Amino acid sequence: MTLGHINDIAAFVAAAETGSFVAAARVRSMTRSGIAKSVSRLENRLGVRLFNRTTRSLGLTDSGSAFFERYSEILSDLEDAEFSLSSGYGEPQGMFRLTAPATFGRVMVLPLLNQFLNDWPRLRAEASLTDRVNDIIAEGFDLAIRIGEMRENTSLIARTIATQRDIVVGSPAYLDGRQPPRAPEDLTQHNCLSYVNAGQHRAWRFSVNGEVIAVRPKARLALDGGEALRDAAISGAGLAFLPTYLVTEDIVAGRLREVLEDFAAPPIPISAIYPSRRHLAPKVRRFIDLITIKSERS
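Per my numbering, the sequence shown starts with residue 50, numbered consecutively.
Hints listed in this document are in silico derivations from the structure and should not be mistaken for laboratory results. Treat the numbers as computed from the prediction; the structure is a model and nothing was measured. From the three backbone atoms N, C-alpha and C, an ideal C-beta is built for every residue, glycine too.
The calculated label-pair distances, taken between Cβ atoms and stated as ranges, are:
1) Ile317 to Pro170: 33 to 39 Å
2) Gln238 to Leu161: 36 to 42 Å
3) Thr104 to Ile55: 25 to 31 Å
4) Gly83 to Val245: 41 to 47 Å
5) Arg265 to Arg94: 53 to 59 Å
6) Thr179 to Ala302: 27 to 33 Å
7) Ala313 to Asn246: 20 to 26 Å
8) Val245 to Asn101: 37 to 43 Å
9) Arg105 to Arg269: 43 to 49 Å
With the hints as extra help, turn the sequences into a complete structure.
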């Protein structure tokens with residue numbers, strides 16, 4: 050098998066994983082026409098059609114599915130052999146592209162990313178901290194952090210690295226002189242601060258009589274960022290539903306108080322998500338290990 054044949058297979062695998070020649074071109078650092086030519090050469094050599102192509106979609110044929118299942122593993126083995134033989138085996142290097150939710154990213158991920166770069170001088174990083182759900186494969190990310198149940202395609206692997214517990218908090222300035230809520234239904238008597246994203250207000254989840262219920266209090270103030278909601282709660286604007294990693298220090302310092310402690314809902318999984326390759330690059334593997342260790346100690 051020549052290097053050209055391997056490159057054609059790599060282009061085909063990238064197109065099969067991403068579902069388009071354009072996205073595969075980004076992953077392989079090629080042009081769209083280059084990917085298309087590689088796939089055509091591979092089809093001509095094999096004498097079969099690997100993709101069903103339309104103007105809107107790209108789908109594997111039965112032959113394409115069988116070829117992908119076999120050769121994606123072989124390609125992964127070749128990449129692993131390259132790692133093993135290279136002088137930089139095990140050392141994170143090159144560009145590391147990461148995406149994470151905005152608040153979790155700023156509070157939890159950025160400090161670790163700074164440590165990661167200090168530990169590995171041959172590494173560079175690019176981070177997208179946004180509550181928009183980026184397409185990991187199409188946009189070329191090595192790793193994504195997601196909060197909540199995974200809703201993306203099954204070609205991605207999810208590893209739970211931590212859990213998030215959300216609580217209701219308010220400032221002494223707001224709570225003093227008011228009857229604190231004793232149950233979720235009491236929230237209708239309070240000023241509530243809501244997180245809003247793409248026009249949707251996030252539900253507040255509580256455990257009531259062994260069942261998890263979702264409540265959407267009528268918000269007097271809605272904001273699109275966790276840190277902004279925290280600041281508003283501290284200022285006395287009302288009650289907010291926020292993760293413990295964002296407000297624990299404020300509770301200890303007396304800037305915020307927790308209410309409705311008896312109705313805490315089950316923790317939400319926080320996952321590291323990456324493309325389904327059997328052999329992870331050292332930069333991805335080591336960062337997952339780092340953030341998992343940090344989360345376990347928190």
